[in-house]
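**Q** Taken in order, these protein sequences are the chains called S and U.
If you want the numbering used here, it's the 1-based position in the first sequence plus 16.
If you want the numbering used here, it's the 1-based position in the second sequence plus 50.
Some clues are possibly wrong.
Which residues of chain U face chain S? A few of them, derived with a C-beta cut under 10 Å, are [unchecked claim]:
1) F131
2) S185
3) N187
4) A250
5) T305
6) D307
7) S310
8) N312
9) T315
10) E477
11) A500
12) E506
Read the hints as simulated data drawn from the structure, not as lab findings.
Glycine is no exception: its CB is placed at the ideal position from the N, C-alpha and C atoms.
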Amino acid sequence: MKRNIVGWLIMLPTLILFSFYVWEPLIESIILSFFNAQGMRLKEFVGLANYKFIFNHPDFKSAFLNTFSYTFWSLIIGFLVPIIMAILINELIRFKGFSRVSLYLPSVIPGLAVALMWTFIYKPSETGLLNIILGKFGISPQPWLTNPKWTIPLIVIMMTWRSAGATMLIYLAGLQNINPELYEASVIDGANILHRIRYITIPQIYNLARSLLVLQIIAVFQVLYEPLVMTNGGPNNASLSLMQLMYRYAFERFDYPKAASVSVFIGLMLVLITVLYNTFVKEKDM
Amino acid sequence: MKKIKRCSILRILLVSIFIISLLGIGYPQTTKKIVLKLGMWPEDTLVSDVEMFKKWKQKFEAKYPNVEVVPATYKYSPDTFVPLAEAGRLPTIFETWFTEPQKLISQGFVKDITNELKKKGWDKYMNPSVKAILSKNGRIYGIPRDAYALGLYINLDLFRKAGLINPDGTPKYPKTWTELANIAKIIKEKTGRAGFCLLAKDNAGGWHFTQIAWDFGAKFEIQKDGKWYANLNSPEVVAAMNFIKDLRWKYDVLTDDPTSENWGTGFEVIGTGRAAMYLGAQDSVNQPTQVYGLPPDKLAIVPVPRGPKGQYSLMGGTPYMFSNKATSEEVMAALNFLEIMGKAPVVTEDSIAGMKEDAQNRVKNGVPVIPSFPAWINKDYLEAQEKILNEYRNVDMRFFNDYYNWLKKPGVLRPEEPVLTQDLYAELTKVLQAVVTDRNADVKKLLDTANKNFQELLDAIVNK
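Please model the entire structure based on the sequences and the hints provided.
**A** Rendered as structure tokens:
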């Protein structure tokens with residue numbers, strides 16, 4: 017009993033901070049979504065009216081589909097990159113530290129700076145960096161972000177460039193926890209590098225990868241500032257995300273209840289995806 | 051031990067409460083001042099502007115010793131406004147944007163100042179179209195700093211390089227939208243720079259487009275039997291949008307990526323000579339000059355080109371508004387301060403001195419001293435203003451006269467479309483983005499979708 021009290025005391029500051037900064041706003045936001053308000057002051061209970069409004073808004077459908085598209089592309093483009101990077105670095109004998117630092121470096125740059133930098137890279141005219149490079153090979157300037165079909169994958173490539181390094185470090189730590197005896201034994205048994213990766217490395221980091229996959233989905237589902245800065249949701253809503261829709265309700269219209277409804281909806285979607293994923297993957301495990 | 055400590059703490063508390071209450075008794079009668087927090091106080095980096103405000107503050111406090119002026123620089127921005135307002139920390143008086151008054155009024159963030167204005171008699175002097183933007187249900191919530199009316203900004207350097215200058219030195223500016231396309235093409239060919247800067251990044255794109263489309267005869271919102279109807283896919287709007295499409299694909303005279311241009315970059319483009327023409331109003335004349343370094347004599351503002359169905363100028367205003375927490379005395383103090391600044395519709399020694407200081411400051415910073423658009427309509431004020439402008443003139447008025455004379459013609463000025471204006475702009479901006487990024491964009495189909503979307507919003511919000 018006494019030991020428990022000490023434990024609780026140690027956790028108390030965290031619990032207080034958590035309830036103040038996370039749980040309380042979360043509950044407030046759910047309550048807010050059922051009311052209409054003047055500024056942030058609740059006026060009257062309106063039931064599901066805010067939800068009805070946001071679902072019927074012409075921008076909702078594109079934001080909803082785009083958000084899934086971001087998630088889809090981030091899994092296609094972004095999920096394997098840090099794993100491959102970690103395995104490669106782990107196999108390196110020289111320049112290990114150097115490669116680790118240089119791959120992590122983009123994560124150190126402020127996100128907005130990265131987004132702005134990549135807008136210059138993707139600039140659709142002859143002055144865009146990519147187009148300058150293509151020009152050297154005689155290829156005419158490409159529209160990049162202004163081609164609605166490319167917008168989301170291109171933004172995802174930028175997001176991957178920025179954050180793969182950080183995820184790679186986690187995988188690297190996971191890889192280094194693998195008992196080296198396993199590798200030694202496999203080498204004695206005549207396994208080559210591909211065998212080692214297939215039968216030791218991947219099974220050993222499987223659980224880690226599973227958690228990171230869920231975390232990645234949760235993070236990408238909330239994509240906001242990249243499209244906000246790079247395309248402002250355009251062209252013609254091609255990169256508008258649910259979070260940006262929320263941002264617009266809150267900070268362009270001052271309609272906080274509708275913003276709250278969007279964020280509650282995002283929260284519900286994430287819970288749903290995580291639960292579905294976990295049940296699906298667990299079944300497969302068995 | 052514990053007891054002693056508790057006793058002493060209690061004693062300290064009691065004593066301090068006593069002292070505080072003593073202070074409190076003496077306070078209100080003798081030293082309580084009205085605190086006037088000035089949101090339009092310039093940022094520290096604008097050194098000469100700050101100097102000017104310091105002078106005004108000194109003069110004001112000498113004249114009204116019961117008021118203390120506190121600098122509270124606040125640059126209006128939608129993402130900081132609500133927290134500030136909800137926490138009761140808004141400055142007494144602040145500037146906002148022409149798009150905001152109705153939103154701020156309906157959310158209860160700003161103070162109804164009708165009574166104070168009546169006391170001053172200023173309510174009668176306000177330009178009626180400006181007053182409409184600042185009022186709701188017959189109550190007035192703000193006063194104009196100045197009003198604006200869109201014209202066409204011209205970078206004279208590029209016109210000169212393209213050989214588009216008359217023998218008398220004035221620019222051969224386009225009189226119609228078709229001429230604009232041709233002149234823009236000449237500029238592109240001769241200088242390599244864009245002829246025209248079109249906005250398509252955010253709602254400012256839709257805002258400028260309504261200005262262009264009006265000249266093609268567009269009317270975006272129609273009221274019938276008390277209901278509002280979207281009219282975004284009329285033949286006139288389609289024609290205007292096809293014109294934009296031509297500017298991008300047939301003439302190819304726009305800046306590199308219109309989907310990254312917004313109100314501010316438009317002025318940068320003009321100021322730095324990346325494009326030769328841009329829709330802008332006289333109140334932003336410090337943007338290309340003071341902010342982006344264009345010498346004042348390299349700038350002209352001319353009328354917006356004529357379209358097949360007219361030649362309009364979109365007008366609005368930059369308002370001062372007041373915190374809903376401000377008392378009537380604080381509002382009166384703020385109005386008195388505006389008199390000292392020369393931004394009030396009165397002609398006094400102070401207001402004339404204020405206007406002069408403002409003009410001097412413009413000359414010093416290389417900002418053209420040109421007439422503001424009359425937000426107030428009392429004659430003596432307008433005459434005094436004109437006299438001061440003539441005295442401090444630092445530009446050749448031939449580069450601006452056509453614009454000002456055009457604005458005086460009846461029927462030229464046109465306020466923004468009345469309902470859900472920002473949503474209208476958002477829908478139009480989406481179409482603009484599609485049109486400037488896709489050579490094969492189906493203009494009619496895009497506008498049909500925009501029209502349907504906007505009608506749904508009208509039905510959900512306005513027609514319910």
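**Q** Please flag the earlier hints that this structure goes against, numbers listed from lowest up.
**A** Of the numbered hints, 2, 3, 9 do not hold.
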